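Chemist: Now for the letters of each chain:
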Amino acid sequence: MVAISDILLGAAAAFIVTSLVGVFRIVRGPTMPDRVIAINIIGSNVVIVIALLAAAIGETGALDIALVYALLNFLLSIAISKFTVERGGVL
Amino acid sequence: MTLREIAVLVLAVGGVFFAVVAVVGLVRLPDLYTRAHGTSKSETLGAVLALAAVAIAFESSLSTLKTVLLLLFMFLTNPTAAHAIVRAAAEQGIEPWTEDEEAEES
Chain W
6 MVAISDILLG AAAAFIVTSL VGVFRIVRGP TMPDRVIAIN IIGSNVVIVI ALLAAAIGET
66 GALDIALVYA LLNFLLSIAI SKFTVERGGV L
Chain R
3 MTLREIAVLV LAVGGVFFAV VAVVGLVRLP DLYTRAHGTS KSETLGAVLA LAAVAIAFES
63 SLSTLKTVLL LLFMFLTNPT AAHAIVRAAA EQGIEPWTED EEAEES
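Each protein sequence line maps, in turn, to chains W and R. Counting with our numbering, you get residues 6 to 96 for the letters of the first sequence. Counting with our numbering, you get residues 3 to 108 for the letters of the second sequence.
No wet-lab data here; the hints were simulated from the structure. Source: prediction; values computed, not measured. Everything hinted at is true.
Interface residues of chain W toward chain R, partial, derived using beta-carbon atoms under 7 angstroms:
hint, residue
1, I9
2, V26
3, G27
4, N45
5, S49
6, S82
7, I83
Quick list of the computed label-pair ranges, beta carbon to beta carbon:
hint, chain 1, residue 1, chain 2, residue 2, range
8, W, S10, R, W99, 35 to 45 angstroms
9, R, T4, W, T36, 42 to 52 angstroms
10, W, R33, R, P98, 14 to 24 angstroms
11, W, L81, R, V12, 25 to 35 angstroms
By construction, the Cβ of each residue, glycine as well, lies at the ideal position given by its N, Cα and C atoms.
In isolation and in its complexed conformation, chain W is listed as follows (with noise of 0.2 angstroms):
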């Protein structure tokens, strides 16, 4: 018998490691979109995660901080590509 806080609790896992895997193309990756890409995955399997670990432990106020870290994933991904192509990069 298998509670539903378990079943959340694994997959915010499960997202975790597979975020701690994708860190390895940011250190890695060749050039400076690669590593963007890679941000932005994780970015979103952070507030995934928030979200889950918001309903296994019943705490509904997390979920406004999920939105607000989505937003700002958004952000940071269309500032990057705006600077880069504009004024030829920020990094």
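Dock chain R against chain W, hints included.
Modeler: Only chain R this time, still in chain W's reference frame:
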């Protein structure tokens, strides 16, 4: 198990599966464009499935509504961000991967 638990289990396992597919594509594929192609789609689908599991798992209707709005937001912005990054890379002049580069890279 109730029907709700089965739905949460199936959606969470599907989300984890597509996140693993995204990370395998991110690590194994040879080029920026193929990596962005493989990861943005499968990561979006994994996020949608996992957040649907969260939406079903919540008891109160306000939290379910918030989670569904977060799901729709990620469903719209995740491919948009990948598209913007890849278009910036193309305008910067990064060349796509071809067959004869395979030998010198490894």
